Amino acid sequence: MKDLKEKRITITFFLTAFIFIIQAIDVFFIKSDNTIFGDTVIARVLGLFAVLAASKMLKFNIGRRCLGRFGWFFELIYGIGFSLAPIVLIYAAELIYFKIKGFYSDISIFILPPNSTEKGLIPAIAAYAFALIVNVVFKELYRGFMLNRLCKKLGEKKSNYVQSIIFTALSFLPAIGAFAEGGFKNMPTADVVITISASAAAVFVSSIRWGYYYKVNGSVWMAIADHFVNAFIMTCIYLSPDRLPDKWLLVKSLVIQLISCVIFIPFYYRRDRVNAEYEKEMKTRHDVLSALNESETELDEKKASNNYLMMMNETEQAKRFGGIKENEILDFDREPKAFSKGVAEIYSEPRRENRAKTEQKQSPDGKRHRRSRSTENVPENAESISKLVDEYFKKQFDKSTYN
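Under my numbering, read the sequence shown as residues 1 to 403, first letter to last.
Worth flagging that the hints you see were computed from the coordinates, not collected in a lab. If you're wondering where the values come from, they're calculated on a predicted model, not measured in any experiment. Ideal placement from N, C-alpha and C gives every residue a C-beta, glycine not left out. Certain hints may be false.
To be verified - Straight-line alpha carbon distances no greater than 16 Å define the calculated EDC-like cross-link-like pairs of lysine to aspartate or glutamate that follow:
(1) K185 - D246
(2) K247 - D191
(3) K215 - E277
(4) K158 - D246
(5) K215 - E279
(6) K252 - D191
(7) K247 - D33
(8) K215 - E156
What the hints assert, rightly or not - Cβ-Cβ distance ranges computed for the label pairs, FRET-style:
(9) K185 - W248: 18 to 28 Å
(10) A93 - I133: 41 to 51 Å
(11) K99 - F74: 35 to 45 Å
(12) I96 - F49: 14 to 24 Å
(13) W248 - G182: 33 to 43 Å
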């Protein structure tokens, strides 16, 4: 397993090659996009299983942690909001402009999925929504997997551009398939150029934005919601049966993606600042725990938490038994090994000797009462210990240490 983790870039490359191959097979031979699903659903399902298998093999949690304050549910709400806001704006502008020009003969919300058949609208919408969910989940999980693997090698910005280029190239396969079947035969060359260029630009811009969603949120929930709502509305819902030509629909999609990016910028910088503060806190915590236990060269989050809790417990117990002075908890970074050794010696004493440290006091009524050693000025609970640690943090790390 260790050898596999060292070859994560190689595994990502082979996974990408596999996804391109099955997509090409589906587009040119299976042609599942011509079925009731209206999308290359077979390639998406196989790609989804491949991503999940690669994640399982590398023991990689695609979701990481959700950095949002309210969890994954509100990330979905954010994603829907970032998708709907520019769509409503552009659809309203479209309605006003073309109504004035007299282009639309009838104004109504008209639903027409790409897979519309004579079997009925509801079955077509249900089948297309299912295929779209599979498509969106596959792409966003694959994006999260790829970004996590590439960030460690290329950095955040370069890895985001790389994944955007890969997804843009992947979107060209259906266009090539349509061209091979004569889909652009009756279109002027200028219209073909506008259609392909607008489609590629929309995919590239949206891929960059969804990649930054993953960066600032630590999860794919927001990108999944945004991606699904945007794709469903743009491919299914129209304001009139007199729909615009495909080239202008794709131009409209590109404009919507650009507006969504503009709306996302303030959110991105706010979240990025919060994440930077979180990272600084984790670095401080790691450094403090490293000082507590110098024998540990690398501390993962779980072990660091365990060490912290163990230190708190040992400190409180040592204070109760008189092993250390009141202010020593604020000085543990000076000689951490000696501190740990001193505490270890206290607990390594035989239980019988610890009992001998207790004093028995004769009371006036003749009864003997057991009394431990003096615990004057000793905290009585973990809350008091935490206050002392907070004092240490203020003393050591409030002086722009990492600025």
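Now for the hints, and whether the structure bears them out:
Restraint check: the Cα-Cα separation between K185 and D246 comes to about 14 Å, which is no more than 16 Å; the hinted pair holds. As the CA atoms of K247 and D191 are separated by approximately 6 Å, the hinted pair is consistent with the 16 Å bound. Between K215 and E277 the CA atoms are separated by roughly 15 Å; this keeps the pair inside 16 Å, and the hint holds. Distance restraint check for K158 and D246: the Cα-Cα separation of roughly 32 Å exceeds the 16 Å cut-off, and the hinted pair is therefore not satisfied.
Our distance criterion of 16 Å between C-alpha atoms is met by K215 and E279, whose separation comes to about 13 Å. Proposed proximity of K252 and D191 is supported: the alpha carbons are some 14 Å apart, at most 16 Å. At most 16 Å may separate the alpha-carbon atoms for a hinted pair to count; K247 and D33 exceed this at roughly 20 Å. For the suggested pair K215 and E156, the alpha carbons sit about 8 Å apart, so the restraint of at most 16 Å is met.
At about 20 Å, the CB distance of K185 to W248 agrees with the hint of 18 to 28 Å. The hinted range of 41 to 51 Å is not satisfied by A93 and I133, whose Cβ atoms lie roughly 29 Å apart. The hinted window of 35 to 45 Å between K99 and F74 holds, with their beta carbons roughly 36 Å apart. Checked against the hint of 14 to 24 Å, the pair I96 and F49 fails, with Cβ atoms roughly 46 Å apart.
The given range of 33 to 43 Å is broken by W248 and G182, whose C-beta atoms sit roughly 22 Å from each other.
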